[in-house]
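Chains A and B are the protein sequences, given in the same order.
Residue 1 is where the first sequence starts when you use the working numbering, and the numbers rise one by one after that.
Residue 388 is where the second sequence starts when you use the working numbering, and the numbers rise one by one after that.
These are calculated hints, taken from the structure and not from any lab test.
Among the hints, a few may not be true.
What the simulated footprint calls covered on chain A by chain B, stretch by stretch (three residues with Cβ under 8 Å from a Cβ of chain B suffice, anywhere in the stretch; the number is not a length) [stated by the list, open to error]:
| id | region |
| --- | --- |
| 1 | 231–244 |
| 2 | 256–269 |
| 3 | 339–347 |
Yeah, the Cβ is synthetic: ideal placement off N, Cα and C, and Gly gets one too.
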Amino acid sequence: MKKQLLWLALLGALTLPAQAADKIKIGFISTLSGPGGVLGAAIRDGFNLALEHTGGKVGGLPVELIVEDDQQKPDVAKQLADKMTKRDKVDFVTGVVFQNIMQAIEQPVFQAQTYLISTNTGPSDLAGERCNPLFFAAAWVSDSYSEATGKNMNDKGYKNVFVIAPNYPGGKDVVNGFKRFYKGGYAGEVYTKLGQLDYAVELSQLRAAKPDAVFFFLPGGMGVNFIKQYHQAGLNKEFPLFGTGWSFDQDTLAAVGEPTLGALNAAHWNLDIDNPQNKKFVADFEKKYNRLPNEFASQGYDALMLIDAAVRDVKGKVEDKEALRKALEAANFKSVRGPFKFNKNHFPIQNYYLRQVVKDDKGRFVNKTVATIFTDHPDAYVSACKM
Amino acid sequence: MSGLLFAEQCLNGLQFGLMLFLLAAGLTLVFGIMDLINLAHGSLYMLGAYLAATLTQATDSFLSGVALALCATALIGMLLELTVLRHLYRRDHLSQVLATFALILIANEATRAIWGVQPLSFNVPAALSGSVQLLPGLSYSAFRLAIIAVGLLVAALLYLLIGRTRIGMLVRAGASNRAMATAMGTNIQRLFTALFGVGAALCALAGAMLGPLLAVQVGMGENILILAFVVVVIGGIGSVRGAFVGALLVGVVDTFGRAFVPLTLRQFLPPALADAAGPSLAAISIYILMILVLLWKPQGLFPSRA
């Protein structure tokens, strides 16, 4: 009799309906070392600040955050994604910085039916033909910044632009975005070697070509080198310099300083965006980390707030994947960047601003928003998405 | 292509080449005389740049900062030689590669721990921040001219040191035949330590001169190390003259490759093909140069081995 009761109890326990999870597991795979580590660190810092603001919870449930470093190596990232989805059984994977890392972890994360929230890279194929219901780009699509800069330079009436970018698919993508909105002529279009340090040759060519403006995309250390050498060659006095927001993020401005002054760039977020959540984000970030946040940090912050809103909307029942997807799509949170909603391909429809590097009253180099380039701007690939 | 642009690109090539010479000179002597493949050479360059940046800010003077950085890096180099590298001379090249590669990783992490992940702020000194009018219509950056001047000065000093002094004679003897030089009574150990110190100082000078132009950040040594090895292979192992000629060749070929190859290709090929092939060819031009030189002279241009 006792044995039968025991078996009954066991069977009963097994057939109980799935309870709502008692905590939310978030897998954070980011680049935290190497030259790209600066970006991952900023995203993580923004994410952690948001977690502090929500009291360590999302949707009212406690969070178990698993942070791992992909070292900017796709094979390491894939192993981490496997571990997080198979062993740790995370509910969300987020934190990724680079496109090649995203491409490596897509497959294990999608196979595990886990939601992948990008805090940075927004590959155009995931916006278009390969769009996936499990993927949400909380930041932007890869060529949005250059589209915005291109539009601004076109509207300003430039006719003879010198373009410089590195010779790799990402660089070509960014220039294609630029060309989508800039309709003028070119004084030169130069592709440099990835990782090139010295731009003396290209700067000499630039000076000889006499453009009316310069557009460059050189991520990371390459951009720092280029900006310093551009300034040092006296070219910042001759030709206005335009770039993407990535080359003039707050951490870079703090490190490079004077040579960045006056440069124009486009981004989806800035320190001075006027809404209560952004003001709180900037103030608390500076208090906690002793530096001003950049757009990467804001992307990390928004990603956590998105997850928080979605989990709240499904009342903690994250096992209900359908309901969770609808909640994520609804994006019922107040983004620090201002107006934010997802397009049908899970990429943002948002504003893009023109920023200029100035010195603030504390003598720090910061971006000042000088114009709105795009309002409620979708990406260019949504029509190719069959979702 | 105007004559003035051509002249400007020549200066660019010269400047790039002379900086590579500073790195390659130390590397080739260490490789040639001590038979040590030292991958950590790039880390000494990085250390030199970091120290120069920090000390320039601390002393508020570019000259003092650079001079102190040179001494400090030379001392660190000699310390490294005495403690770690001394044990590697007798070992095979693969062990040396593994050990010095570990040194690169340690140096990178230590630098990150001390100075953080952000690139260090290091700007051109105000006195050299303008341009100099060389010819009507040709202005060149004063700082880059200073780099050329420093490079040529060091080349001249090394020539005198190696060719006209007793120590230089010992260095050449050691490069030519180490066993015989030892048998002839040279205190090889002390020579090696001093040599390593000089090599480290040259790296630091290159780092300090290039620091204001390039990003002073962790890992900056690796890219330039590869170029330095290409120069050493082209110039001939153990020969400073070879390093000089090799460095100038690499500097000029790389510069001209980037300046003229895409343009030239556009004349002959359809635009899409030229735009795709041009930058890639420009990027590999120095490796093509290395292959051609090795086909012609497998030991490099000025091999020092007897």
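Exercise. Has the region 231–244 of chain A got at least three residues whose CB is nearer than 8 Å to a CB belonging to chain B?
Worked result: With 3 residues closer than 8 Å to chain B, the region 231–244 of chain A meets the three-residue bar; holds.
| field | chain B covers the region 256–269 of chain A, three or more CB atoms within 8 Å, holds or violated | value | Satisfied; 4 residues make the cut.
Can you confirm whether chain B covers the region 339–347 of chain A, using C-beta to C-beta distances below 8 Å and requiring at least three such residues? violated (count 0)
Hint compliance for this structure: hint 3 alone is broken.
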